[in-house]
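S.K.: Chains as they are written, first to last, in my numbering: chain A, 2 to 426; chain B, 2 to 426.
Don't take every hint at face value.
Each pair may be met inside one copy or between any two copies, as identical chains are not told apart.
[Stated by the list, open to error] Cut-off 16 Å, straight-line C-alpha distance, at most; resulting in silico cross-link-like pairs (EDC-like, lysine to aspartate or glutamate):
{"id": "1", "residue 1": "K19", "residue 2": "D183"}
{"id": "2", "residue 1": "K53", "residue 2": "E18"}
{"id": "3", "residue 1": "K53", "residue 2": "E380"}
{"id": "4", "residue 1": "K123", "residue 2": "E60"}
{"id": "5", "residue 1": "K19", "residue 2": "D291"}
{"id": "6", "residue 1": "K111", "residue 2": "D141"}
{"id": "7", "residue 1": "K390", "residue 2": "D141"}
{"id": "8", "residue 1": "K272", "residue 2": "E124"}
{"id": "9", "residue 1": "K272", "residue 2": "E393"}
Rather than coming from a laboratory, the hints here were simulated on the basis of the structure.
Protein chains: 2
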Amino acid sequence: MALIIQKFGGTSVGTLEKMRNVARCAIQAHENGDQVVMIVSAMSGETNRLLKLAHEIAEVPDSRELDALAATGEQVSAALVAMTLQKMGARAQSFLGHQIRVHTDGAFTKARIRTIDGTRLKETVQEGKIAVVAGFQGVDSRGNITTLGRGGSDTTAVAIAAAIEADVCEIYTDVDGVYTTDPNMCPTARKIARIAYEEMLELASLGAKVLQIRSVEVAMKYGVAIHVRSSFSDRPGTMVVGEEDLESVTVTGVAYDKSEARVQLIGVPDKPGTVAGVFKLLSDNHVSVDMIIQSASSGSGETTEVTFTVNETDLARVKGLIEAHMDSLGGGTSVEYDSDIAKVSIVGLGMRSHAGVASKMFSILADEGINISAISTSEIKVSCLISAKYTELAVRSLHDGFGLDKLAQTNPPPNKQGRKIRQSS
Amino acid sequence: MALIIQKFGGTSVGTLEKMRNVARCAIQAHENGDQVVMIVSAMSGETNRLLKLAHEIAEVPDSRELDALAATGEQVSAALVAMTLQKMGARAQSFLGHQIRVHTDGAFTKARIRTIDGTRLKETVQEGKIAVVAGFQGVDSRGNITTLGRGGSDTTAVAIAAAIEADVCEIYTDVDGVYTTDPNMCPTARKIARIAYEEMLELASLGAKVLQIRSVEVAMKYGVAIHVRSSFSDRPGTMVVGEEDLESVTVTGVAYDKSEARVQLIGVPDKPGTVAGVFKLLSDNHVSVDMIIQSASSGSGETTEVTFTVNETDLARVKGLIEAHMDSLGGGTSVEYDSDIAKVSIVGLGMRSHAGVASKMFSILADEGINISAISTSEIKVSCLISAKYTELAVRSLHDGFGLDKLAQTNPPPNKQGRKIRQSS
């Protein structure tokens, strides 16, 4: 017998018919002898419907009221799923954030969970009931309703798994796991059987479609095993686990991101504070900067070149800010913008102990004739900025060049691993 | 400066445009120097939409889950109205049942309020904000969401008025007050300026369209002055107040009810327990019986006749129960049913001290040739059962016969009285 969390997103509970499917899934686990806590999101479209009403009232509605409004979506789902379970013969009870004391900070619309009181959920499952929790919501210290941001139900699921010491946190989605890269981009992409929290965080651009990043951080902190799997099939998906539970491979996945734009400042006076002034300007205006590269000073030693990337959607705003700031950079500075770029990254825990991974990446790209216009690295990631038109070529050649098309053979088959976790308690 | 409650029903907050109207109403009072707490119902149609989903899942959905589901309707309204107030320049904050500790018993779907903690609402209005409370909902001792039954927001409003000692509880509806009788039935019907709680309770069949009966009981218990008024006009409506604040009139209003059906048992053996057996049968099957009349025994002293009324919607069920029970009534008993009947009632506090009111009622009906088939009385009410086709004739002749068409002149003009209450603090 195991204690399992099953989290279902908005698509999985989008209609009453689909609710019967998720109920069947929970009842099956329950009949296998497991204790089940379900976390549900709002029915698909519901959150948008509510937010649309709010935005018809005001361009920037009060965030406290926005949370009180949006939280109703999950409340409706939880009650309806509980009714569905009952109709199908199971005993079930729904719970809201404030009923199981999902206490958060007071940052409306993007709150962070501080504590959860698992007592009532534990009692409920010990009585043989299936507990159905409204995801995405909590309460602050004054009892105000808060929400955890888009995808927040993932974080509710993982935090509850930690609070009640569940054996596994199953996240049901419309894909069947995390892939070595985007299968739409690369036909040899393979489902990853097991991946480390750190890798999952670095693969954000792939993983964001599957898991809220914050949920992975919480899972890492409390050692919660996440099982990302499909709501349409019984097959095991991807286990997101601690490093110690993995045989590390050098490169686990290849990610890409076409949403960035490059800004290049040329002929910037090489004086202390000049470059800092530019980034203070952007930060004061809430523009997030991703990569930053400053070249060595030019021959004369008087000017330098600064390249950085921002999100494409911020580019128009950045242009305005930079133009207005040009005077303070001196007359000789010019600026170039390019939104036709892509960032391609390789991620893997094994990089820490394997030399030459970055240079192998550069060689693979060079062999394909792809020019690299900027590079950034972390302990377990190397990212290269390239021209957008080479994205597919770069992803495919890196994927197969690092042997990811053959990865599945080197790891044990995923179904065995998925089972192991659930039967270990 | 006064502390006022303003309650708006589902029709008044049915669209974002209508929400601007109710916000304007609250802001106006606020600008006049009053402190305002608004109570709002779910947007019209929303509760039915939610219940329909529940009933698609199960014929009889779990009542705890039903309440968690239905309570979202008011939560949405409260948040949207608070946003609307803010957009219009006011400071505002929404509150849910659990946030202001609307503690109820555990009778899901028809809970009764036990206590309310008014502290947070008082703080909010003292800070110069308009508080917007989700009506209809509370929490039981375990923190489960409960609801107060259809029209429950009226009771929320009155109970909050009692908890924070508001000067008046304004109930905004689509009619402009309580009338001496149904204006659609009787063209000389007049708006009642002031009416006693007890009268309002007896006029249930008129008042139910305007006020939840339970809200009048709570108002009577705590001495809360209710002001029933129109959301479409500034004119004062009807004040529902304590008897001591009224000059009592003999007859305040004429009510009618066509929803009952009559059951007549003829030739029932006149033995102890026979009649009791019939009513135990009905009560065991949750059939509410209204009037009961047992005639004197017939000449032979061996049989008697019993007439009673039930709600028309229960009639088919009652027929089945009685037929199955006929054997135990002995072979000589026969039964007749009639759903083509109406109950006409006159209500007034003054009846207690005025003799001859009932006999005047019977004379008025007799003068119109209307036969009375049953009579029941309370201290402040006389009801007669008549043939349904005479309803309009009976209502009109009683209304004018008791001088209700001239009532408005004998009471002070309502606008003075409405003001008095609000300015008395």
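S.K.: None of the hints should be skipped; say for each whether it holds.
M.R.: Hint check results:
Neither within a single protomer nor between protomers do K19 and D183 lie at most 16 Å apart by alpha-carbon distance, with minima of 27 Å and 48 Å respectively. Taking identical chains as interchangeable, the C-alpha atoms of K53 and E18 lie at most 16 Å apart only when they sit on different chains, with a minimum of 15 Å there against 26 Å within one chain. In this homomeric assembly, K53 and E380 never come within 16 Å of each other (Cα to Cα): the closest approach is 42 Å inside a single copy and 55 Å across copies. When the C-alpha separation of K123 and E60 is checked against a cutoff of 16 Å, the pair qualifies neither within a copy, at 42 Å, nor between copies, at 30 Å.
Taking the shortest Cα distances, K19 and D291 never come within 16 Å of each other, neither inside one copy (40 Å) nor across copies (46 Å). In this assembly of identical chains, the alpha carbons of K111 and D141 lie at most 16 Å apart only when taken from the same copy (12 Å versus 29 Å across copies). In this homomeric assembly, K390 and D141 never come within 16 Å of each other (Cα to Cα): the closest approach is 47 Å inside a single copy and 61 Å across copies. When the C-alpha separation of K272 and E124 is checked against a cutoff of 16 Å, the pair qualifies neither within a copy, at 65 Å, nor between copies, at 55 Å.
Taking identical chains as interchangeable, the C-alpha atoms of K272 and E393 are never at most 16 Å apart, the minima being 40 Å within one chain and 96 Å between chains.
Of the numbered hints given earlier, the model fails hints 1, 3, 4, 5, 7, 8, 9; all others are met.
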